[in-house]
Amino acid sequence: MAEMTYREALRQALIEAMEEDEDIFVMGEDVNKYGGSYGVTKDLADLFGDRRVRDTPIAEAGIIGVATGAAMAGLRPVAELMTINFALVAADSIINSAAKVRSMFAGQSSAPMVIRTVGGAGAQLAATHSQNFEAMFSHIPGLYVMMPAVPYDCKGLLRSAILVNDPVLFIEHAKLYNLRGEVPEEPYTIPIGRADVKRQGKDVTLLAYSAMVHVALDVAEKLADRGVDAEVVDLRSIRPLDTETIVRSVKKTNRAVVVEESWRSFGVGAEVATRVQEEAFEWLDAPVHRVSSEEVPFAYSKVLEQAALPSADKVMEQLREMRIL
Amino acid sequence: MTIEGVMEQVQSREMSLDGLDLDQETLHEMLYTMRVIRDFEDAAAEWYARGQIAGFLHLYTGEEAVAVGAISALRPDDKLMSHYRDHGHAIAKGSDPQLLMAELFGKKTGIVQGRGGSMHFYDTEAGMLGGYAIIGQHLPLAVGYAFASQYRGEDWIMVCILGDGATNIGYFHEALNFAGLWDTPVLFLVENNLYGMGTAVDRASAITEIHRKADAYGMPNKRIDGMNVIEMHREVRDAVAQVRAGEGPQLLEALTFRYRGHSMADPELYRDKEETEGWRQRDAIENFEQVLLSQDMLTQDEADDIRRQAQQTVDEAVEFARDSEYPPEEDIYADIYDEDTGDELVVWT
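Those sequence lines, one after another, are chains P and G. Using this note's numbering, count along the first sequence one by one with no gaps and you end on 325. Using this note's numbering, count along the second sequence one by one with no gaps and you end on 1349.
FYI, nobody ran anything at the bench for these hints, they're computed from the structure. Wrong hints could be hidden among the right ones.
Said to hold, decoys possible - Straight-line alpha carbon distances no greater than 20 Å define the calculated SDA-like cross-link-like pairs of lysine to any residue that follow:
| # | chain 1 | residue 1 | chain 2 | residue 2 |
| --- | --- | --- | --- | --- |
| 1 | G | Lys1107 | P | Lys314 |
| 2 | P | Lys33 | G | Trp1182 |
| 3 | G | Lys1108 | P | Gln108 |
| 4 | P | Lys251 | G | Lys1108 |
| 5 | G | Lys1107 | P | Gly107 |
| 6 | P | Lys314 | P | Ala273 |
| 7 | P | Lys175 | P | Lys302 |
| 8 | P | Lys198 | G | Val1347 |
| 9 | G | Lys1222 | G | Glu1209 |
| 10 | G | Lys1108 | P | Lys33 |
| 11 | P | Lys202 | P | Gly107 |
| 12 | P | Lys175 | P | Thr128 |
Claimed, not checked - Facing chain P, according to a computed beta carbon distance under 7 Å, are these residues of chain G, among others:
| # | residue |
| --- | --- |
| 13 | Val1143 |
| 14 | Tyr1145 |
| 15 | Ser1205 |
| 16 | Glu1344 |
What you are looking at is a predicted structure, and each value in this text was computed from that prediction instead of being measured. Built from N, CA and C at the ideal position, the CB exists for glycine as well.
Construct the complete structure from the given sequences, taking the supplied hints into account.
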C-alpha cells in the first residue's frame, strides 16, 4: 500500500473512474486552470482535456442544475462546489431537481452524479464560510451524504459515490486535505452506509465523522493512558446512517458520546442518539451525550472560533461528567 | 394590456401557407392536435370541478398554437422540457392523452404512475422530459441535458419552454450564461402570456420585451406571434436548424394568452373580461381552421371530422382514466433510489 494524502486519494479515485468511463466528467468553479480550490483536480485537465474537465461560472444553482440535466441524459458528472456554504445557493437544484427526478417521474429518470464539496470550520473564515450542513441535506430522501475522515475512505467512498445511480453529496473537510494515510494502489469501493470502527474498545463508544474522528481518536489515546478503553466509530456515511454498527458498538460498551462539528440542535448526534435509544435502550448505562459546536455563528478571531468548536478537552469534560473518567 | 397594445409589437405575418414544408396531412394533424389540447383542458376542468382531479391544475387553453407550431418543427428524437403548464406540450410531443388524463386522476396507469400529477408529466419515449414546477428550475437542467448531445457528438437538440415569469429569476440568467458559454444545443422558448400568476408582465419585469434579455448573453432572439401556428412553426424550424447546426443557443418569445385563470383556484380579479374576450376573438384554432378552409387545404367535412375525432380522443382518455386503478400504497417506497444497487455500493441498516 502506498501512503498518500486525503487530497491525493480523492484525486486518484477521480482519475481511475474517468479512465474507465468516458461519460464521467468534472465540472465546477476553478477545477481546470486553477486545479481546484483545494487542489483535488490539479492537472486533471492535462490528463483528460478541457472537454471533460470544465470550468464553470460562479453560479452554484446553475452548476448543480446543469450537472443534474447532464446526469438525466446519462452522463455522470462530478460537480464541485467550492464549499458547502455555497450549496445553499444550489439547494433548490440539489433538493428539488437532483433528489426528485427519479421518484417524481416514476423511475423514468435519474440523476447519477456526485456533488463534491467542502465543509468544516477552523480556518478563520467567519460566519458564512465555516458551516456544516450535513444534517440538513441528510434529511432529504433521494440523496446520499458522505463525510470521509481518512485517505483510505476518501478513495473507496468516492468511487462508490461515482458508481451509484443516484445523487451523492460528498463532503470533504477543509482541514484534512494534507492528512496522510495508507491507500491501496488499485481501485476499490467502500459501501455507502457502512460505518467503520477506527479503534476497538470496550468501555465507551465515541461516535464521530469527518474531522471529529481525529478528535475522538485523540481522546481515545488520552483515555488509554488512564486505563479507559474507548471504541471509536467513524460514521463515514450520514445518509444512510449505519444503525447496525452503531448499535453493535453501544451494546458492547454500554455508553456512547457523539462528537460532531455541526450545531447540536436537530443534528446528526440527535439522530444517532435516537436510534441508539430505540434499538439499545436496555444496554445503556448512561444517556447518550453529544459534544457539538456551540450554537452560534462562527466568528473570525481564532480565540472565538476555537471556543465555539468541539475539542478533545470538551470531550474529556463530557466523559468526566458521565463519570467515565 | 390590450391585445392591440401587445400585438402591434409583433411583426406578425398573415397566416400564409406559401413555401411551407408541411403537407396537407400534417396540417390536418396540427389542427387535430390543437383541438385535442383544447378539449383535453376542458375535460380536465370539468373533472376537477367534479372532484376527480385535485392539486394544482394549470390549463393551457388559448396557447395551443405555441406548443403545436413549435413542436411540429422538431424531430422525434429532439427533447423538450417544460414548466408546470405542461399538458399541451406533452400532447404535442406525442404522449398518449389517455396516460396523461390518468395521471391527472392520480391513477397507476398515469404517465408517471400518479407520482407527479398535472405539473410533472414525463414521457421518455416521446422525448417530453418533464414538467417542472419550481420556477426556472428546469432551465439549467435543459442546458445540462442538451450538453450531453454535444458531448457525445449527437445532433438532437433541446427545446426548453418557460413562461415570462421565469425570465425574472436567477436560474434564467445562470442557464442562458451557461448555454452561451458551453454552446449547448438548446432553444429557449418563452411563452409570454402576459401574466406571471396574477401579476402582469409590466408589473414584474424591468423590461417587457422579454426576448431582449437574451442580448445580455449574445444570444439570437426574437419576439413572435404565438397565436399563429404557422408562424410558430416557421420561426422554430429556422431557429432549430441553426441550433442543430452548432451555431449555439437561441431564444424565442412567443406572445400568447391563456383564456383561463392561472390555476383552477384563480378568480381572475386582476384583469378585465374584455381583455380575455379580445384574445378569444383571434383564437388560434379557429383562425387556423379558417385559413385552411379558405385556401382549400381542408373541406368543411374534414374540419368537422377532425373536431369529432379530437373530442372522441379526449372522451376515451377520460374513460380510460376513470376505469383505471389507483396505485397500491406500497408504491410510496418505489423509485426513491435505484432499487438494483448492490450491497457492495450501498447498505441500509
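>> If you test the structure against every hint from before, which numbers come out violated?
In response: 1, 4, 10, 11, 15
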